[in-house]
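Visitor: Add chain H to chain Z, keeping to what the hints say.
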Amino acid sequence: MNSLRALVLIAALFSGLLQAAELKVAVLVQDPAQISMQGKLIPSSTPGADLVAVTDELAREICRRIHAHCAFYYVRLAEILPGVEAGRFDLGFGNFLRAPEREKRVAFSDALFRSSSRLIGTPANVRAYTTKLAQPVNLANLRGARVAALDGSRQQAYLDRNASERALTVVATSTTAEALDLLRNDSADFALLPIRTGYALISRDKAQRFVFVGPAVTAHGLGDTAHIVLEKQNNALRRAANKAIAEIKADGTFQRIMYRHFPVFLD
Amino acid sequence: MTTEDDRHRPSAGKAFVVLASVFALLFGAVVALLAFDQYRVLAAATRLQHETVPEIIRYQRLARNLDQLNHEGERFFSSHSAEERQQALFLVMLVASHPSILEHPQAAAMARDTENYLGEINQLAARDPSALRARYPEWQRISQRMHLLVDDISVEGANLATADLDDMAGTMRTARFKLLGALALVGGFILLLIALLRQHLIRPLQRIDHALSSLDVEQPAPQFPDASLAEIHAVEEATGRLHKAMISNEAARRELELLANRDGLTGLINRRHFMVGAEAEIRRAQRYGRPIAVALGDLDSFKRLNDTHGHGAGDVVLRTFAALLTDSVRQSDLICRYGGEEFAFLFPESSVEQAHILVELFRQRFAEHDIRLPDGVLVRVTLSIGLADASHCPLEIALQRADYALYEAKRLGRNRIVVAAEAD
Chain Z
0 MNSLRALVLI AALFSGLLQA AELKVAVLVQ DPAQISMQGK LIPSSTPGAD
50 LVAVTDELAR EICRRIHAHC AFYYVRLAEI LPGVEAGRFD LGFGNFLRAP
100 EREKRVAFSD ALFRSSSRLI GTPANVRAYT TKLAQPVNLA NLRGARVAAL
150 DGSRQQAYLD RNASERALTV VATSTTAEAL DLLRNDSADF ALLPIRTGYA
200 LISRDKAQRF VFVGPAVTAH GLGDTAHIVL EKQNNALRRA ANKAIAEIKA
250 DGTFQRIMYR HFPVFLD
Chain H
0 MTTEDDRHRP SAGKAFVVLA SVFALLFGAV VALLAFDQYR VLAAATRLQH
50 ETVPEIIRYQ RLARNLDQLN HEGERFFSSH SAEERQQALF LVMLVASHPS
100 ILEHPQAAAM ARDTENYLGE INQLAARDPS ALRARYPEWQ RISQRMHLLV
150 DDISVEGANL ATADLDDMAG TMRTARFKLL GALALVGGFI LLLIALLRQH
200 LIRPLQRIDH ALSSLDVEQP APQFPDASLA EIHAVEEATG RLHKAMISNE
250 AARRELELLA NRDGLTGLIN RRHFMVGAEA EIRRAQRYGR PIAVALGDLD
300 SFKRLNDTHG HGAGDVVLRT FAALLTDSVR QSDLICRYGG EEFAFLFPES
350 SVEQAHILVE LFRQRFAEHD IRLPDGVLVR VTLSIGLADA SHCPLEIALQ
400 RADYALYEAK RLGRNRIVVA AEAD
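Chain order of the listed sequences is Z and H.
Under numbering that gives the first Met the number 0, think of the first position of the first sequence as 0, with each following residue one higher.
Under numbering that gives the first Met the number 0, think of the first position of the second sequence as 0, with each following residue one higher.
Misleading hints may appear alongside valid ones.
[Claimed, not checked] Cut-off 20 Å, straight-line C-alpha distance, at most; resulting in silico cross-link-like pairs (EDC-like, lysine to aspartate or glutamate): (1) Z/K205 with H/E83; (2) H/K409 with H/E359; (3) Z/K103 with Z/D223; (4) Z/K248 with Z/D109; (5) Z/K248 with Z/D266; (6) Z/K248 with Z/E60; (7) Z/K205 with H/E82; (8) Z/K23 with Z/E84; (9) Z/K248 with H/E54.
[To be verified] Label pairs and their computed distance ranges (CB to CB): (10) Z/A218 with H/V185: 51 to 61 Å; (11) Z/A245 with H/I189: 51 to 61 Å; (12) H/A44 with Z/D109: 19 to 29 Å; (13) H/Q37 with Z/R142: 28 to 38 Å; (14) H/V154 with Z/G251: 23 to 33 Å; (15) H/T45 with Z/D150: 35 to 45 Å; (16) Z/D185 with H/T45: 53 to 63 Å; (17) Z/A218 with H/Q37: 37 to 47 Å; (18) H/R132 with Z/A245: 21 to 31 Å; (19) Z/R97 with H/G27: 40 to 50 Å; (20) H/D150 with Z/R238: 33 to 43 Å; (21) Z/R97 with H/A28: 39 to 49 Å.
[Stated by the list, open to error] Heads up, incomplete: computed chain Z residues facing chain H, CB under 10 Å, no partners named: (22) S114; (23) S116; (24) S202; (25) V210; (26) G222; (27) T224.
Don't read these hints as lab results, they were simulated from the structure.
Please read all numbers here as calculations on a predicted model, not as lab measurements.
In this text, a Cβ means the ideal position worked out from N, Cα and C, and glycines have one as well.
The shape of chain Z in the complex, shown without the other chains (with noise of 0.2 Å):
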């Protein structure tokens, strides 16, 4: 069934059919409230609502560049890689970094940026664990502390390969924001974010409850670039998408979505 979609696609793409071919495009979102609006305008007021915008923009933008009208779904981590997987999605955008295990389920497309991850507590939690530890606080020496990360994504992973060594509980969430929520409620010490939607979240945080704790990693899968996922034997639309990539940042249109929502663009 996967292969006959594929045929179909690659048949639309040569004959510049691909217009009338509708993609289904999963959108991440940070907050669960986000999940119900669906399509509808975002307010800035939820969580990381910067941060969908410009993964929404993006999409819509490299829907444009191939000519596909598309559907966006907003949903979370922990469903977009199974259901491209599964081709119920044919565009996964969720800034997924690469992993072998990845690989194995889904194509990755050219990198749209560079990512790394950083812890976030607060405060008195750091000052609690710089006792507890008797050094600073960072990654590497976090031991007997709970840690919030997002469903399926790569802190998980990476904390939950550590958990029983060092004695980490590891809290899964939904999305982000229900990560910071945790930490409000002290059902978290700690939560392994990458950093972009750490300080799209912690920025945003009018109480200003939360810092960034230690330095952020890219090792052991923690960082590196970020890329939309796709079926894994859709290779013509991977192709169209690393070209509707490349054009949008040749042409300076990435640059300007992500200055539309940030005050930096980092590349």
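Guide: Just chain H now, with coordinates in the frame of chain Z:
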């Protein structure tokens, strides 16, 4: 014919194959060297395109991100509120967390120090806002160091291209020298080829051509220096054989000519040859106004001799007559067996009177000459002669007149000479 010497002599075909092989090997080696240089240039260009240029871009992006970090640090100090300062600090942390900065040790250390420093100032400023002003000079020094690092990284990135470009330029220079070497090699080989062709092919061929052009039976056989190529040597040998064949053919031709012009019985020239030679002599004499005379002689009673003593006796008489005649006349005179027992004479540079003296002497000598026949009998045979002047008329006419005179000599009793009357 192939001799042992020829077998040790290289053939032109083999020599060409050897030369062509050597040239192909040398040229192939140079082409391979050039191809290797081209491969190196292509590899350097590919490396430049796919590795170095992206790496340079990475350096430039890092420099730009550090500039951004510096800019946000500046914004931190120029903030008007604690909230603005916190936002600037968040941005500093965001920039400092970027992988491009983290993977560069100096930049990472600089970003970490900046982040820690600004975090510390932020805490101090929360308690005492004047701390911002007091610590600003220190920030300026940090900022200055960051600028220097940005410059270093920019230059470091640009220098990456220099190595690849130097490598390419070096390879191209080497390729140019190799190309010049290849041209010199080809030129040298062509000169060598020309020299070898001249020495071993063209000059021997010229010698052969000259020898063939001047090949003559009167000349000695052509001599050639020792040729190095078997084919040339074979042609030279063939030229020598050709010369020998020419000499042999010439000897045969002369013998045949002699046979064709002589009478088989008497050894005198035959009538046809006499007529050709006499015609030429008469034309010459008449052209220069010189005297010339012809005569026809006939042995008297020769038929009776044959009938009495047999044809063998007649042949002996004829041979004896011819021998005596040859011995008696001048070398310049022409004598032939005109037919049967009849003989023709031509006396160049002689008037009828002078010729008459000559033939008269001979007639007397022959008439007194004893001839021994095969049966042992000794006989004497006489001769009748008709003599005519040929200095003013064609040969045929002169002979006709001599014939009339001969007839007259026979009629008058034989064994005499009758001079034909002058022409009208």
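Visitor: Please list, smallest to largest, the hint numbers that this structure does not respect.
Guide: When the structure is compared with the hints, numbers 13, 18 turn out to be violated.
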